[in-house]
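Novice: In case you want the letters, here they are:
There are 4 protein chains.
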Amino acid sequence: MKTSQVVSAVALAALCAPAFAKSVVVNQAVTEAEVQAAQAGWCKALVDIATTGAKSGQPAARALAEQVIDAAYGYQMGAVLFKPTLTVNPQTFRTTRAGALAYFVGGDAAFPKDKGFALNGWTHCTFENAAMFITGNSATTMGKVNITGKDGKVTTVDKTWQFVKDNAGKLRIVLHHSSLEFAGT
Amino acid sequence: MKTSQVVSAVALAALCAPAFAKSVVVNQAVTEAEVQAAQAGWCKALVDIATTGAKSGQPAARALAEQVIDAAYGYQMGAVLFKPTLTVNPQTFRTTRAGALAYFVGGDAAFPKDKGFALNGWTHCTFENAAMFITGNSATTMGKVNITGKDGKVTTVDKTWQFVKDNAGKLRIVLHHSSLEFAGT
Amino acid sequence: MKTSQVVSAVALAALCAPAFAKSVVVNQAVTEAEVQAAQAGWCKALVDIATTGAKSGQPAARALAEQVIDAAYGYQMGAVLFKPTLTVNPQTFRTTRAGALAYFVGGDAAFPKDKGFALNGWTHCTFENAAMFITGNSATTMGKVNITGKDGKVTTVDKTWQFVKDNAGKLRIVLHHSSLEFAGT
Amino acid sequence: MKTSQVVSAVALAALCAPAFAKSVVVNQAVTEAEVQAAQAGWCKALVDIATTGAKSGQPAARALAEQVIDAAYGYQMGAVLFKPTLTVNPQTFRTTRAGALAYFVGGDAAFPKDKGFALNGWTHCTFENAAMFITGNSATTMGKVNITGKDGKVTTVDKTWQFVKDNAGKLRIVLHHSSLEFAGT
Numbered sequence: 240m241k242t243s244q245v246v247s248a249v250a251l252a253a254l255c256a257p258a259f260a261k262s263v264v265v266n267q268a269v270t271e272a273e274v275q276a277a278q279a280g281w282c283k284a285l286v287d288i289a290t291t292g293a294k295s296g297q298p299a300a301r302a303l304a305e306q307v308i309d310a311a312y313g314y315q316m317g318a319v320l321f322k323p324t325l326t327v328n329p330q331t332f333r334t335t336r337a338g339a340l341a342y343f344v345g346g347d348a349a350f351p352k353d354k355g356f357a358l359n360g361w362t363h364c365t366f367e368n369a370a371m372f373i374t375g376n377s378a379t380t381m382g383k384v385n386i387t388g389k390d391g392k393v394t395t396v397d398k399t400w401q402f403v404k405d406n407a408g409k410l411r412i413v414l415h416h417s418s419l420e421f422a423g424t
Numbered sequence: 240m241k242t243s244q245v246v247s248a249v250a251l252a253a254l255c256a257p258a259f260a261k262s263v264v265v266n267q268a269v270t271e272a273e274v275q276a277a278q279a280g281w282c283k284a285l286v287d288i289a290t291t292g293a294k295s296g297q298p299a300a301r302a303l304a305e306q307v308i309d310a311a312y313g314y315q316m317g318a319v320l321f322k323p324t325l326t327v328n329p330q331t332f333r334t335t336r337a338g339a340l341a342y343f344v345g346g347d348a349a350f351p352k353d354k355g356f357a358l359n360g361w362t363h364c365t366f367e368n369a370a371m372f373i374t375g376n377s378a379t380t381m382g383k384v385n386i387t388g389k390d391g392k393v394t395t396v397d398k399t400w401q402f403v404k405d406n407a408g409k410l411r412i413v414l415h416h417s418s419l420e421f422a423g424t
Numbered sequence: 240m241k242t243s244q245v246v247s248a249v250a251l252a253a254l255c256a257p258a259f260a261k262s263v264v265v266n267q268a269v270t271e272a273e274v275q276a277a278q279a280g281w282c283k284a285l286v287d288i289a290t291t292g293a294k295s296g297q298p299a300a301r302a303l304a305e306q307v308i309d310a311a312y313g314y315q316m317g318a319v320l321f322k323p324t325l326t327v328n329p330q331t332f333r334t335t336r337a338g339a340l341a342y343f344v345g346g347d348a349a350f351p352k353d354k355g356f357a358l359n360g361w362t363h364c365t366f367e368n369a370a371m372f373i374t375g376n377s378a379t380t381m382g383k384v385n386i387t388g389k390d391g392k393v394t395t396v397d398k399t400w401q402f403v404k405d406n407a408g409k410l411r412i413v414l415h416h417s418s419l420e421f422a423g424t
Numbered sequence: 240m241k242t243s244q245v246v247s248a249v250a251l252a253a254l255c256a257p258a259f260a261k262s263v264v265v266n267q268a269v270t271e272a273e274v275q276a277a278q279a280g281w282c283k284a285l286v287d288i289a290t291t292g293a294k295s296g297q298p299a300a301r302a303l304a305e306q307v308i309d310a311a312y313g314y315q316m317g318a319v320l321f322k323p324t325l326t327v328n329p330q331t332f333r334t335t336r337a338g339a340l341a342y343f344v345g346g347d348a349a350f351p352k353d354k355g356f357a358l359n360g361w362t363h364c365t366f367e368n369a370a371m372f373i374t375g376n377s378a379t380t381m382g383k384v385n386i387t388g389k390d391g392k393v394t395t396v397d398k399t400w401q402f403v404k405d406n407a408g409k410l411r412i413v414l415h416h417s418s419l420e421f422a423g424t
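Protein chains in written order, with this note's numbering: chain A, 240 to 424; chain B, 240 to 424; chain C, 240 to 424; chain D, 240 to 424.
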């Protein structure tokens with residue numbers, strides 16, 4: 240098939256147009272807009288947990304964090320590849336739900352160095368994607384996330400996410416690598 | 240995360256809008272339009288081979304059929320799940336390129352019952368999808384294909400295709416099941 | 240990277256062996272064994288429905304067929320590309336659950352020509368794959384299915400299936416094209 | 240379908256065993272072993288480039304780095320989501336081939352802060368996966384990579400990779416996020 244044939248094939252689509260009255264399309268592809276909505280949702284959830292913690296205390300923040308983790312991450316699939324910004328060896332990676340919860344709101348003796356990242360009074364969160372890659376049943380993003388503290392200071396981190404669409408059509412985070420910017424030497 | 244939060248997260252996307260000047264998106268998802276173009280391409284190729292055969296003889300039709308198979312099917316991946324309309328046991332399935340070529344243009348002693356389906360003087364071909372299913376890196380379609388012979392008679396077959404996008408971004412048929420309509424009893 | 244480097248890289252894997260005590264692997268790939276089990280499950284279900292119908296009547300067979308369809312097909316994803324063996328135009332394709340149920344056990348005025356394919360007293364069912372294609376999050380098969388009637392006569396059909404793994408790890412049929420063998424001319 | 244039926248369906252596979260002499264299986268799933276080989280290949284390539292640079296100079300190292308990037312990364316797909324360990328804002332992300340090459344071997348005026356990460360005389364490289372996630376047509380890993388310098392000092396980084404299998408069956412890196420361990424406060 241020559242290139243010209245392929246091109247004309249597209250034009251031919253008009254002549255060969257489908258005639259079924261009720262043609263059904265099930266499209267499970269992940270879209271760019273869905274990914275951006277999921278990223279915005281993560282940002283909003285971080286601020287929500289921080290706000291809840293400031294107003295209502297750690298137990299309330301913890302309850303909300305559990306809801307967020309269960310709705311937005313994919314721990315029910317077996318594990319999440321999660322490297323939070325501020326964890327230290329040998330507890331760098333939080334492949335379990337308990338490890339993620341401890342990172343966000345602290346209060347877990349099994350993770351003694353976790354003070355609760357989401358309890359820092361964050362007031363604002365934005366993301367900027369350097370790139371997005373949609374392939375197969377998942378999408379990955381890489382870029383900057385800017386988080387504003389209660390003192391107005393902005394912390395910028397380098398962040399990578401992978402989202403998989405679940406059976407309910409909702410994107411879930413199955414990979415999350417966050418790191419402080421390298422300051423240079 | 241409550242439903243209302245998910246909904247509002249979409250609205251939040253405006254506030255959290257990406258600021259990178261050069262955000263890149265690589266999207267390898269198969270689209271409905273690409274599938275329809277590939278289906279139209281198949282229809283056009285069938286008529287092209289028939290026309291070439293009528294004008295220039297079997298060798299020319301065979302050469303074109305080889306081009307079509309190499310460009311539109313995925314035999315280079317190892318096998319294609321191909322059940323042509325008119326093959327008979329024990330050569331029903333044409334999982335090899337040679338088997339597909341023999342079906343379309345005949346002339347292969349290894350497939351003695353093949354007379355060359357594409358050499359029947361087809362003048363027109365249209366498709367009607369009952370349904371399309373896009374998931375992961377492939378798309379499947381099921382519907383009717385209507386082929387008009389030189390005598391103006393239309394043959395309708397039930398046809399299923401699966402398309403996979405190759406590294407060049409081109410859809411390739413990796414599954415093709417075609418059957419005559421059941422006449423009823 | 241030269242070929243020799245790629246090959247030696249595999250050997251190097253020993254030297255670079257992972258040292259994490261608790262390395263977790265989540266593998267959602269569809270396996271050949273899972274596909275064969277799903278195919279065997281379909282065969283068994285057909286005979287089960289036939290047996291139930293013979294022993295306990297159509298309502299019992301219908302109840303079982305509903306269980307089978309809900310457990311083994313993917314209608315909850317929006318549609319299934321289902322072309323049963325014996326349907327006739329204009330109700331050839333059964334993209335809805337109701338259409339599938341009517342085909343298997345009949346008794347639905349909306350599908351007046353359906354007598355209930357699964358109620359024919361089938362006693363045995365085997366499958367033979369000509370080919371299987373696993374890509375992305377799904378697998379497709381093409382081959383023969385042999386069904387033995389109560390009179391001992393075997394009916395052979397050409398059958399294509401596509402299976403997608405759901406969140407529970409279970410394969411579901413999202414495409415099913417079945418056709419009588421072409422008898423030749 | 241009850242659970243017991245599913246289980247027994249597996250047992251039934253024996254009775255329903257495929258009989259085709261030439262059943263073909265095309266399996267494009269990414270395997271754990273392939274991922275580990277690709278990771279080991281990355282480690283080996285880093286040491287190879289360092290060794291080549293030390294023995295034969297930057298131009299030779301650069302030529303090898305180009306081969307490695309072209310063979311092991313997926314820039315030909317449009318972009319790679321690459322956040323190297325030591326890049327600084329606003330050139331943090333290297334979504335282009337040129338940016339990756341500059342990071343590994345320096346010498347590109349467009350990336351003035353790049354001194355050539357692979358030219359640091361690395362003598363050894365190992366990886367330890369905390370987790371691996373295989374879904375659809377790709378696999379992701381997260382873990383530690385330990386790199387030994389010429390002075391024997393080991394640098395450990397947190398590293399995430401995503402691999403996609405190309406049409407030739409080779410895994411390619413489409414995402415690579417590397418960061419220095421957080422030291423704690």
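Incorrect hints may have been included.
Identical copies go unnamed one by one, so any copy, or any two together, can satisfy a pair.
To be verified - In silico lysine-lysine, DSSO-like type, Cα no more than 30 Å apart, as pairs:
(1) K261 to K404
(2) K389 to K354
(3) K354 to K261
(4) K261 to K294
Simulated from the structure, these hints should not be mistaken for laboratory data. Predicted model, so just to flag it, every value in this text is computed and none were measured.
Novice: Determine for every hint whether it applies to the structure shown.
Specialist: Hints, verified against the model:
no.	hint	verdict
1	K261 to K404	both (26 Å within a copy, 26 Å between copies)
2	K389 to K354	within (17 Å within a copy, 38 Å between copies)
3	K354 to K261	between (56 Å within a copy, 24 Å between copies)
4	K261 to K294	neither (52 Å within a copy, 38 Å between copies)
Of the numbered hints listed earlier, the single one contradicted by the structure is hint 4.
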